[in-house]
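J.: Below, each chain spelled out in residue letters.
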Amino acid sequence: MTIPSRRRLLMALPVAGAGALGLGCWKILSSMEEGGFDPRAIRTEAMRHPLPDFSLGGLPGAGEGFDTRTLSRTGEPVLVNFFASWCIPCVAEMDALRKIARFLPIWGIAYKDRPEDARRFVLRDGSPYRRIGLDPDGMTAIEWGVTGVPESFLVLPGGHIAWHASAALDARQFEEKVLPLTREAK
Amino acid sequence: MALPGAEEGHYALALACVLALAQGVLPLWGAARRRRTLLELAPALCFAQLAALLLSFACLVISAVRDDFSVENVAANSALSKPLLYKITGVWGNHEGSILLWCLILAICGGAVAWFGRGLPLVLKARVLAILGAVSTGFQLFCLLTSDPFARVWPAPADGQGMNPLLQDPGLAFHPPVLYTGYVGFAVPFAFAVAALIEGRVDAAWGRWVRPWAVTAWCFLTLGIAMGSWWSYYVLGWGGYWFWDPVENASLIPWLTGTALVHSAIVVEKRDALRIWTVLLAIATFSFSLSGTFLVRSGILNSVHAFANDPARGLFILLLLALVIGGSLLLFAWRAPSLVSGGIFAPLSREGGLVLNNILLCALCAVVVTGTMYPPFMQILTGRTLSVGKPFFDATTIPLALPLMAAMAAGVLLPWKRGQMRPLLRRLRPAAALAFLGLIGGLATCTGIIPALCAAFAIWVIAGSVTDLALRLGLGRGHGMLKQRLPHLPRAVWGSAIAHIGAGVTVLGLTGMSQAQHRIVELGIGQSVHQGALDWTLTAIRQEKGPNYRATLADLTVSRNGREIAIMHPSRRDFTAQHQVTTDVAIRTNLLRDLYAALGESHGEGKAARHVLRLHVNPLAPWIWLGGVIMALGGALSLSDRRHRFGAPRKPGGQGAGRIARSPSGTADGTGRDPEGVAS
Chain A
1 MTIPSRRRLL MALPVAGAGA LGLGCWKILS SMEEGGFDPR AIRTEAMRHP LPDFSLGGLP
61 GAGEGFDTRT LSRTGEPVLV NFFASWCIPC VAEMDALRKI ARFLPIWGIA YKDRPEDARR
121 FVLRDGSPYR RIGLDPDGMT AIEWGVTGVP ESFLVLPGGH IAWHASAALD ARQFEEKVLP
181 LTREAK
Chain P
1 MALPGAEEGH YALALACVLA LAQGVLPLWG AARRRRTLLE LAPALCFAQL AALLLSFACL
61 VISAVRDDFS VENVAANSAL SKPLLYKITG VWGNHEGSIL LWCLILAICG GAVAWFGRGL
121 PLVLKARVLA ILGAVSTGFQ LFCLLTSDPF ARVWPAPADG QGMNPLLQDP GLAFHPPVLY
181 TGYVGFAVPF AFAVAALIEG RVDAAWGRWV RPWAVTAWCF LTLGIAMGSW WSYYVLGWGG
241 YWFWDPVENA SLIPWLTGTA LVHSAIVVEK RDALRIWTVL LAIATFSFSL SGTFLVRSGI
301 LNSVHAFAND PARGLFILLL LALVIGGSLL LFAWRAPSLV SGGIFAPLSR EGGLVLNNIL
361 LCALCAVVVT GTMYPPFMQI LTGRTLSVGK PFFDATTIPL ALPLMAAMAA GVLLPWKRGQ
421 MRPLLRRLRP AAALAFLGLI GGLATCTGII PALCAAFAIW VIAGSVTDLA LRLGLGRGHG
481 MLKQRLPHLP RAVWGSAIAH IGAGVTVLGL TGMSQAQHRI VELGIGQSVH QGALDWTLTA
541 IRQEKGPNYR ATLADLTVSR NGREIAIMHP SRRDFTAQHQ VTTDVAIRTN LLRDLYAALG
601 ESHGEGKAAR HVLRLHVNPL APWIWLGGVI MALGGALSLS DRRHRFGAPR KPGGQGAGRI
661 ARSPSGTADG TGRDPEGVAS
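Line by line, the protein sequences are chains A and P. Heads up, the first sequence is in full-length UniProt numbering, so the first residue is 1 and it goes up one at a time. Heads up, the second sequence is in full-length UniProt numbering, so the first residue is 1 and it goes up one at a time.
There may be inaccurate statements among the hints.
Here are the simulated lysine-lysine pairs, DSBU-like style, with alpha carbons at most 30 Å apart [as the list claims (entries may be wrong)]:
#1 A:K27 <-> P:K390
#2 A:K177 <-> A:K27
#3 P:K607 <-> A:K112
#4 A:K112 <-> A:K177
#5 A:K177 <-> A:K99
#6 A:K112 <-> A:K99
#7 P:K607 <-> P:K545
#8 P:K417 <-> A:K112
Just so you know, these hints were derived from the structure itself, not from any lab.
Next comes chain A alone, as it looks inside the complex (with noise of 0.2 Å):
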């Protein structure tokens, strides 16, 4: 029995259908790999607006707070790190922080947070922290679109936002994303 053709070709949608789903997860995947896709990645848009309003006050010891006016005066580049203690992917982010710390300084904004711990959590192994702003009820958090810690901002001078992670940063995700968006911004 012969068998037409659009019979055939019908038959054959379904693995077609599957076929180009599979091949665009696998091109997610691989590029989730490289780093250049993030399932997290949320609010892009938020980016190059002006900075949300917000002062915080500073913890003593460890560094003064900060609001929206000194952070968009300064003259360089920021990294605006939203921390906690009680953050485990926060622990593992310090070392890479503070080998950040050398070329971009790091204001960190410690989310809902007791001082003490803050403290005890930043002064453990050095600050890497320039400047810290104490965010007992997370309202600063929510004005910034954060959706968990650790959560990293660049803010460049005069305030604008170019660059956001919703994830712990690295060394490579640094001078492949951040330094090349500074040396623009110098």
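For this one, chain A is given, so just place chain P on it according to the hints.
T.: Relative to chain A, chain P alone:
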């Protein structure tokens, strides 16, 4: 050491993997070469594989119960202070353990086919078991190579890191096994479909063998989804029950195609039609189950259900999916065109109704797949991030769900093969009248026309099912008729009517929930607020200590017109080991509406302290899950029908392969309509 530990578990898993490989290869070879011994080996290999996996799983449970923190998985997910129940259920609360559970359930399904399928033809059974074995091999390899639950850690920590407190809940403890049984259960219809493609034959008998497995898996999936949704309702404390989260969608997608499969398999069984379509649905349902469970773990989909994301693991999964799904669909493209299409029927008939049901269910499925996969695909294609949420799904699913419900009531009242409009309309008259009343009631109580329409259609579905039962029982035609028919009405008929009623109940619940009123208030002690025609008074705030947490409890008195109707205790738990705070929602239900209160943060000290409370009045909320349970019960009831029992011997004479006994008397086997009023 008397009890087996992690090494024994690891060894047993490797052994199971080898046995599964043998189970996947030898029977297929035997079928190709006509070697009877190899065919007969399949069940034995299947039981051996199951025994090895049971041992392996037991070893992991033992390690967890004995607090053996030298096992990495136990150290990362358990702690000394964790209650025993959660030490056991925590075994499947993490990636590695849940994969092992997944493999175990797959092996149990294989064992069930080997055990209950004794009436199956030898070659078909061997092929089905072989395909299940091949799938098992792949996933056990995945477990062994990329997510070994038995890996040791040295030096062993003194205490574990503890489990996510949100998961320490009895509802969630049993949600994964039930849900996984649903997912994995669809492997059996899948294996039947692939075996039929290899054999090149699909017939009514095939439909009769597949359907009980599909219904079983469907019942578990329905229950699993209902449990998950209930958990998010009473644990997360947001007052919602479904968030269109990728992981939730991943369970809804196979449920939709699985529902279509359960229905189209009836057509194959009774009328020998829709054969190719049913085979495709069987493949698609399992493919969606697989993709759902595994894509979530690869990290492609952004979800609140955090599993450790690992792209390397994702690549292995994708390869495995490509083999299983791609392989079966290629086989389908190659073999399905040569399958002959079966019986013909008029558009207005039971079959026609079921085809419409299939089309609408698959359209719904396509919508949900699109909504779920669109964000990552758009991001990779255009580099822009976007999120797809409730507005999209509301706008797209409701217009498809309404005609689906309209067809549900009409379909069950239609005869097979060819129906007529006039008798159908006459039968639908009571349902239409009730639905109209529902519409008026809905318009009076709900805001907006869509909730009122949903309520009307839900009542229409329920009334249609009741009409169907009443007609079959000959209600209103004398006591004698009822007495004569009641004992003979097949359980499958009861089952399907009950499942449809369950669906109607769920839709009523969803409609009620869409009318929920909620408010977030800040109260000091002794203050009260008026919300949803009730007065809510915060009388006290207390501290309590639990086994591994500190709790802050609120005493909330709810009264109507000064008469106290409930005292509720919403609380907040601070799990010290994990630095995590969970809300413990207080729910007071009278089955028609839920009072729902969650305690938030507190500000200030002493008498000036103010406490944030989230207060809801949710009409008909429990019906959402009640409907799910009724649906699953309906499915279970139809399973218990003698004709669907897995091992039921074939009727002598009548139902040979490729043929179907068309009983002229209809009602005797429950397949046709009662003769009166239908010209057939």
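J.: Please go over all the hints and tell whether each is borne out by the structure.
T.: Comparing the hints with the structure gives:
1. Taking the CA atoms of A:K27 and P:K390, the gap is near 27 Å; set against the 30 Å cutoff, the hint holds.
2. At roughly 21 Å between alpha-carbon atoms, A:K177 and A:K27 fall within 30 Å of each other, so this suggested pair holds.
3. A distance of roughly 24 Å separates the Cα atoms of P:K607 and A:K112; the hinted pair therefore holds under the 30 Å criterion.
4. For the proposed pair A:K112 and A:K177, the alpha carbon gap of about 28 Å is at most 30 Å, so the pair holds.
5. Taken as a hint, the A:K177 and A:K99 pair is honoured in the structure, with Cα atoms around 15 Å apart against an allowance of 30 Å.
6. Taken as a hint, the A:K112 and A:K99 pair is honoured in the structure, with Cα atoms around 25 Å apart against an allowance of 30 Å.
7. Among the hinted pairs, P:K607 with P:K545 is consistent with the structure: their alpha-carbon atoms are about 22 Å apart, no more than 30 Å.
8. Distance check on the hinted pair: P:K417 and A:K112 sit about 66 Å apart at the alpha-carbon level, beyond 30 Å; violated.
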